[in-house]
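> Hey, can you work out the whole structure from these sequences and the hints?
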Amino acid sequence: MKSLFYLVVFFIIAVAVTSCEKVIDVKTDTSPSQLVIEGNITNIRQQQTIKISRTVDYTNPNVYPAVRGALVNVKDNAGNSWNFTEETPGVYRSVSILGRPGRTYTLTVNVENNVYTASSTMPAQVRADSITLTDITFGSRTRKLVAVHYTDPKGVPNYYRYILRINGRQTNRVYVYDDRLKDGNLSKNELYPDTEDDDERNELKRGDVAEVEMQNIDKNIFNYWFTLRQQSRGGPGGGTTPGNPPSNINNGALGYFSAHTHQAISITVP
Amino acid sequence: MQYKSTFYLLLPLLFFCCFNAAAQKKFTISGTIRDAATGETLIGASVKIDGPNGKAGTATNGYGFYSLTVAEGTYTVSVSYVSYQLVTKSIQLSKNTSLNVDMKAGNELTAVVVSARDRKDQNVRSPQMGVEQLDMKLLDNLPVLFGEKDVLKTIQLLPGVKSGGEGNTGFFVRGGASDQNLILLDEATVYNSSHLLGFFSTFNADAIKTADLYKGGMPSQYGGRLSSVLDVKMNDGNSKNFSMQGGLGLISSRLKLEGPLIKDKSSFMISARRTYIDLILKAVPDSNIKGNTLNFYDLNAKVNYKFDDKNTIYLSGYFGQDNIGIKDLFTNDWGNTTATLRYNHIFNSRLFSNTSLIYNKYSYSVELLDEVNNFRATSLIRDYNLKQDFQYFSNKHTLRFGAQATHHRIAPSDLAPGSSSSFNPLSIENRYGLESSAYISDEYNVSNRLNLLYGLRTSWFSLHGPGTFSTYNSNGDIATSQTYERGKFVQNYFNLEPRFSASYTINERNSIKASYNRNTQNIHILSNSGSSSPTDQYVMSSNNIRPEIADQVAFGFFKNIKDNAYEFSVETYYKWMQNQIEYKDAARLLANADVESQLLFGSGRAYGLELYAKKRTGKLTGWISYTLSRTERKFAGLNNGSYFPARQDRTHDLAVVGIYKLNKRWTFSGNYIYNTGNAVTYPAGKYEIGGVTSFFYTQRNASRMPYTGRLDLSATLEGKDTGKRFRSSWSFGLYNALNRKNPYSIDFRDVPNDPTRTEAVQTALFGIIPSVTWNFKF
Chain H
1 MKSLFYLVVF
11 FIIAVAVTSC
21 EKVIDVKTDT
31 SPSQLVIEGN
41 ITNIRQQQTI
51 KISRTVDYTN
61 PNVYPAVRGA
71 LVNVKDNAGN
81 SWNFTEETPG
91 VYRSVSILGR
101 PGRTYTLTVN
111 VENNVYTASS
121 TMPAQVRADS
131 ITLTDITFGS
141 RTRKLVAVHY
151 TDPKGVPNYY
161 RYILRINGRQ
171 TNRVYVYDDR
181 LKDGNLSKNE
191 LYPDTEDDDE
201 RNELKRGDVA
211 EVEMQNIDKN
221 IFNYWFTLRQ
231 QSRGGPGGGT
241 TPGNPPSNIN
251 NGALGYFSAH
261 THQAISITVP
Chain P
1001 MQYKSTFYLL
1011 LPLLFFCCFN
1021 AAAQKKFTIS
1031 GTIRDAATGE
1041 TLIGASVKID
1051 GPNGKAGTAT
1061 NGYGFYSLTV
1071 AEGTYTVSVS
1081 YVSYQLVTKS
1091 IQLSKNTSLN
1101 VDMKAGNELT
1111 AVVVSARDRK
1121 DQNVRSPQMG
1131 VEQLDMKLLD
1141 NLPVLFGEKD
1151 VLKTIQLLPG
1161 VKSGGEGNTG
1171 FFVRGGASDQ
1181 NLILLDEATV
1191 YNSSHLLGFF
1201 STFNADAIKT
1211 ADLYKGGMPS
1221 QYGGRLSSVL
1231 DVKMNDGNSK
1241 NFSMQGGLGL
1251 ISSRLKLEGP
1261 LIKDKSSFMI
1271 SARRTYIDLI
1281 LKAVPDSNIK
1291 GNTLNFYDLN
1301 AKVNYKFDDK
1311 NTIYLSGYFG
1321 QDNIGIKDLF
1331 TNDWGNTTAT
1341 LRYNHIFNSR
1351 LFSNTSLIYN
1361 KYSYSVELLD
1371 EVNNFRATSL
1381 IRDYNLKQDF
1391 QYFSNKHTLR
1401 FGAQATHHRI
1411 APSDLAPGSS
1421 SSFNPLSIEN
1431 RYGLESSAYI
1441 SDEYNVSNRL
1451 NLLYGLRTSW
1461 FSLHGPGTFS
1471 TYNSNGDIAT
1481 SQTYERGKFV
1491 QNYFNLEPRF
1501 SASYTINERN
1511 SIKASYNRNT
1521 QNIHILSNSG
1531 SSSPTDQYVM
1541 SSNNIRPEIA
1551 DQVAFGFFKN
1561 IKDNAYEFSV
1571 ETYYKWMQNQ
1581 IEYKDAARLL
1591 ANADVESQLL
1601 FGSGRAYGLE
1611 LYAKKRTGKL
1621 TGWISYTLSR
1631 TERKFAGLNN
1641 GSYFPARQDR
1651 THDLAVVGIY
1661 KLNKRWTFSG
1671 NYIYNTGNAV
1681 TYPAGKYEIG
1691 GVTSFFYTQR
1701 NASRMPYTGR
1711 LDLSATLEGK
1721 DTGKRFRSSW
1731 SFGLYNALNR
1741 KNPYSIDFRD
1751 VPNDPTRTEA
1761 VQTALFGIIP
1771 SVTWNFKF
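Order-wise, the sequence lines are chains H and P.
Counting from 1, one number per residue, gives the positions in the first sequence under my numbering.
Counting from 1001, one number per residue, gives the positions in the second sequence under my numbering.
Treat the hints as calculated values from the structure; they're not laboratory data.
Nothing here was measured: the structure is a model prediction, and the numbers come from that model.
Any given hint could be a false lead.
Examples of chain P residues lying across from chain H (beta carbon under 8 Å, computed) [stated by the list, open to error]: (1) Tyr-1359; (2) Ser-1363; (3) Thr-1693; (4) Thr-1698; (5) Pro-1706; (6) Gly-1709.
Don't be surprised by glycine CBs; every beta carbon is placed ideally from N, CA and C.
Shown next, in the form of structure tokens:
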């Protein structure tokens, strides 16, 4: 409903006034570089990846130093253990691991004798039945919207995350949903475009291929993405006061470690 | 312990003042002051009595009543009120005397005066600090957004009051949050004072007689909010003649009717307003736009009946509604309803009583219209309020005492899905609370130089069943749950709120004042968006939420010069706040039965210096207000547990208001505002997550948005005075005349055509906006 509120604000602004955007210079702080870990374990036969990098100051280019030579290990609660090897700088992989729903995975990363750990439980998989396209109109602008349909299992909390790719290119928006108000029902999650998103490549046109990656994530990971999404719009002054999303990794590392299911489903715009 | 000692200190003083007066042989002169043309009672009119045996002075109360007690003798009574002709009368006081005075409006050339209270030296003499009385006539001449004159936007030009944001009616007083303002309309609480998401306020200026803002030194008859009271009173209705007035503007139109029902016994007032943006939308040929709604309307009505000079009843009400809808997507409706029944009884020339029975409700509904994701969600907060207030006027004391009981019901959320909806029906338990208080205060004229206003308010809040009440562990999961039957107390809080202010007059022109007051608050708004939203959640103090408490001390220096034509004041304050509320990461506030598990509790402090210079008379009137302030919050778990600036912490806040009356027909005005940008959190670093740039934050709210500066201009042209009753005027306005792009929000993102860099993008809402309004009256 919060996003609805933003839609309302957007609507008012669009109708009543001419809002205007400009790029400004801002004075930002600097901080010592922080360790960033992004770990994903999925249930499909793909290379499971742990990426380790560092933050840079806000004013620097978007080039993030890879952290090399880390010792990376993942264990599950059934007594298995996998050592990850560094394939490219800062990217650690294991070919033998395959995630299973219901298992809890524990990540251990050792960087220069600092140890970071995190654990995540892969939820049971809920598969999408279909994805569809609908038209949505704000003012005089009509856009196509991708919606995912599935049946939510009753009696258990479920958390969903989607990644939307248009013609193979990932869009920036964070899509996470839970079944707090929809437990056990035939559900539809609409992947609203960012109302301020003027990037034409994110607009679906005839012949475009929209691919949705559907993930079942655990509660901590949902909170991580949900917090990130709350902050991504409205920005300072408009929306929620931004902060670092709650990481499930200890010892002050940024990022997350998620064991989640994976399903890819796509549609071509007619 | 500290309450107890305060109480014992107060007790002898209170007894002293009750019995002191009766000991001497004195008589009382009392009565009601009214406008001769409309019969409206005049609030705050100055009544002075002077003679060889003594002199005294007072101001009329909220119902135009005054009472003065002096020794037997011959006196001259003089009554004055802003933009009215002075009335003087000679009387021989040998028994208790009743004297009602009808005052005639002054001639038109008398310039606009920026303060309603007439007692010209009130600024210097009154022990009351931190109070601002708005002259409703002033609003006719000030420039505002879309030409909609607005009480809430005008008070934002006063020192110590900060605007909620561009074009927003939300406001922050002396470092308080926007839900810490008690907003009263004829004594009824208005929970959501905004229309159209805060761009307009619920107060239709046509229907309003007075608006008083207390930002410190709050008198003890007020309570329930930490930082301010905005006490708005509606017009009673013309008791002499039938009259009509209205206006046509760009956004909305207004119409007011008033007149006598029974001559000199009863009159009525009804005032309505409606916007027509949606009517314009309907005219647009594009069928997609046609299906949208966007409007608000409101209605104020009041009737009174005077049984005799001693007994009057008033019935007043407000009804307002906003409707927003986007075709096939959703609708959102919200509104307030208030009703106030009051009975004034004058027991004798010294004892005035008012009994009020008040109802108020705020509700909203949100409807999603999608064929799968559909529901209708409703929520409301409702109060019944019974209030008894006495005012006792004696020689050197004005005593005010009374009691109040308010019953609250909050229905947090009811979700009703359609038959094929993916949503489950949900009804979150209602919450019930009883807020009771008693108060006593005394304005004591100790000597010609020293005036005291002191008192005590007790506040007792009890949350009661039926319902299931939970406590939560640090993860936000339910730790314990207990079910209570109907009427059983779940939690009680008792607080004592001492209030004290004093003024010491150095000489006729200069005075110093000091005040201390404690306030508590048991109704809290949960909202994690920057501006006010119709779906803000209300919660009461509970087993998880303790009452918010604020203690404020203030000192001031007041100076009037040139026969009170200029007023200056310097006030400084320090405020401590306890049990303040913030939200955890990923807090889910809407439709959440366990919303209390999503909260963090901490403390706050605010301090500042307010400078105010006002020119009250002449062709050019206006004021300059400047506030230097700091507002900070501290929460375990946020910002490493150290103080951080609140969002509305703006170091400098300046407003310059000028009104120039050129001649009988033309009045020009302008205001300029400048304030430091909001305290915001900018990223210190960045990193990549999921292929997308993410930002790393260090200190909370340690950065500043760019400053806000805005010049607004307006001109009012009065129609020719043709000697007929019909009068009209045109108002022309330019909002943001310099077309400065003031920051509304700042977003950080990758440069669209260069993903190797990031940039900060500022969004501004309003450029230059012209407006025109035609007003009429007959």
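> If you check each hint against the structure, which ones fail?
1, 2 and 6
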